[in-house]
Amino acid sequence: MIEILGLHKSFNGNPVLKGVTLTVREGELLALIGRSGIGKSVLLRHIAGLMRPDAGTVKIDGTDIFKLRGRDLVEMRKRFGFLFQGGALFDSLTVYDNVAFPLRERTSLPEAQIKDRVFNELEHMGMKNDWNKYPAELSGGMRKRAALARALVMGPSIMFFDEPTTGLDPIIGQNILDYIHRCHRELEFTAVMVTHEVQKVFGIVQQVAMIHQGEIIVCGSPEAVRQQNDPVFDQFVRGDSKGPVQYI
Amino acid sequence: MNLIRIIGRAGVRLTRNLGSYGLFLMNTLFWTFSSPLKTGRVIEQMSFIGVKSTLIVLLTGAFTGMVLGLQGFYALSKFGGEAMLGPTVALSLIREIGPVISALMVTGRAGSALASEIGIMRITEQIDAYEVMALNPYRYLVVPNLVAAVLCFPLLAALFDVLGIWGGYVVGVKLLGLSPGTYFGEMTVYLSSSDVFHGIYKSLSFGLIVAWICCFKGFFTEYGAKGVSKATTQAVVICSVLILVWDYFITSVSF
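Chains A and B, in that order, give the protein sequences. Under my numbering, the first sequence is numbered contiguously, ending at residue 248. Under my numbering, the second sequence is numbered contiguously, ending at residue 1255.
To be clear, the hints were calculated from the coordinates, so they are not data collected in a lab. Please note that the accuracy of each hint is not assured.
[Claimed, not checked] Here are a few chain B residues that sit away from chain A, every Cβ distance over 10 Å (derived from the structure): (1) Leu-1014; (2) Met-1026; (3) Lys-1052; (4) Arg-1109; (5) Glu-1186; (6) Ser-1194; (7) Leu-1208.
[To be verified] Covered, in the sense of this in silico footprint (three residues per stretch, anywhere, with C-beta under 8 Å from a C-beta of chain B), are these stretches of chain A: (8) 97 to 106; (9) 114 to 122.
[Stated by the list, open to error] BS3-like mimics (lysine-lysine), calculated; alpha carbons at most 25 Å apart, straight line: (10) A/Lys-18 to A/Lys-67; (11) A/Lys-67 to A/Lys-78; (12) B/Lys-1038 to A/Lys-78; (13) A/Lys-115 to B/Lys-1038; (14) A/Lys-133 to B/Lys-1038; (15) A/Lys-133 to A/Lys-200; (16) A/Lys-59 to A/Lys-78; (17) A/Lys-59 to A/Lys-18; (18) B/Lys-1052 to B/Lys-1038.
No residue lacks a Cβ here, since even glycine has one placed at the ideal position from N, Cα and C.
Generate the whole structure from the sequences, applying the supplied hints.
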């Protein structure tokens, strides 16, 4: 279970998170939605321990992750998988080596078994024939699929997805969401997904939370949040330029 | 009051910056000695920092030696001391010019690339990827560069010295008519092993400085292309200045 408790974060005096409190139950997939630049990725990076808050904390299974040091922090992070927005594949390694990287560095598996697991993941992603390409030779969609393969290859119990479908065509985007849905059912990981694909993710997540002006304004199951009639949430879901939130 | 506030703020900022540099170096040294080295990465970086800098070091070494040969001969001939050309060229190169100029050359070629490569890894979240995989980015990105630089800088300085002495020989002996025996014979009289060690110590410390500053600047780069270019420029400027300042201190201590 992930508990986010009163998280505050400011950059150069500008508050981005203003006491965010949220709970993601064991095995649940939560979609974190909100306008661009509102602080969704910042919140996700805090949950993964990549950023430290000004105040508040994040507890994973009751453990305050900001108090962890050394071996304990490593053990906690071994449970994580993170799909970064741009993939964050290592430029100097091929797709195969990128996916094999965590297996080589964190396990003592023989190369033959590593090979099996890597090709298994790549096959799921439809990238078996692209194993020897470098990230620079891949399209945006391929890069994201390779990164997803790397994030899942260790069988994480907690997954973070930072806009997994942004910049992809609708078909590839849907394929990735389907694959995330399938992995979530099979591996039963707890996950937080930052996304703008509101309608598409409603069918695969157990919880939706919307962040607005540094606070969570709507949170609950997809059915429940639809019935809350929050004007900001409704405008966001409709994708309407008219409403309480004015961009221009 | 405003002036005091400005000075105070600058002081706090300077102290914080110096602290960050110090902590980064301490972290790097800690991971260098506390965990097994990534030997493959060290060899890759030795190839990048050392092998690929060989040509530029050889070229600059040869021409620096030739200039020293010309200028030295001109100055020494004023009082009939041409016979001292060999020791003059060798001592200048081995104690001073070899380590300094080769370090400056490698800073321009490899140091800038280190800063920008690590900077790009930072802005494309590759460093964060190491962290969420429970892998220490210092071990994978910084330590191999530090070890490679510390090993390669003395070797590059040695190449610079050899080519420089050869350049001085070409000018002094082949062009200006000094006898080869005088050029090399006097050298062995005036040059001691302490001079060679002096140059080696300097090169080792320059290697540490260049890897430290360039990795630091890349590691904490600001976001965007502008952030990386700023980090790269600052890395080269700080390294170049630090090399010269540190060179003065180490020379004055061992004088």
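Do the hints match the structure? See the list:
no., hint, in the structure
1, Leu-1014, "holds, 19 Å"
2, Met-1026, "holds, 16 Å"
3, Lys-1052, "holds, 15 Å"
4, Arg-1109, "holds, 19 Å"
5, Glu-1186, "holds, 50 Å"
6, Ser-1194, "holds, 42 Å"
7, Leu-1208, "holds, 24 Å"
8, 97 to 106, "holds (count 4)"
9, 114 to 122, "violated (count 0)"
10, A/Lys-18 to A/Lys-67, "holds, 21 Å"
11, A/Lys-67 to A/Lys-78, "holds, 16 Å"
12, B/Lys-1038 to A/Lys-78, "holds, 20 Å"
13, A/Lys-115 to B/Lys-1038, "holds, 21 Å"
14, A/Lys-133 to B/Lys-1038, "holds, 24 Å"
15, A/Lys-133 to A/Lys-200, "violated, 31 Å"
16, A/Lys-59 to A/Lys-78, "holds, 16 Å"
17, A/Lys-59 to A/Lys-18, "holds, 18 Å"
18, B/Lys-1052 to B/Lys-1038, "holds, 20 Å"
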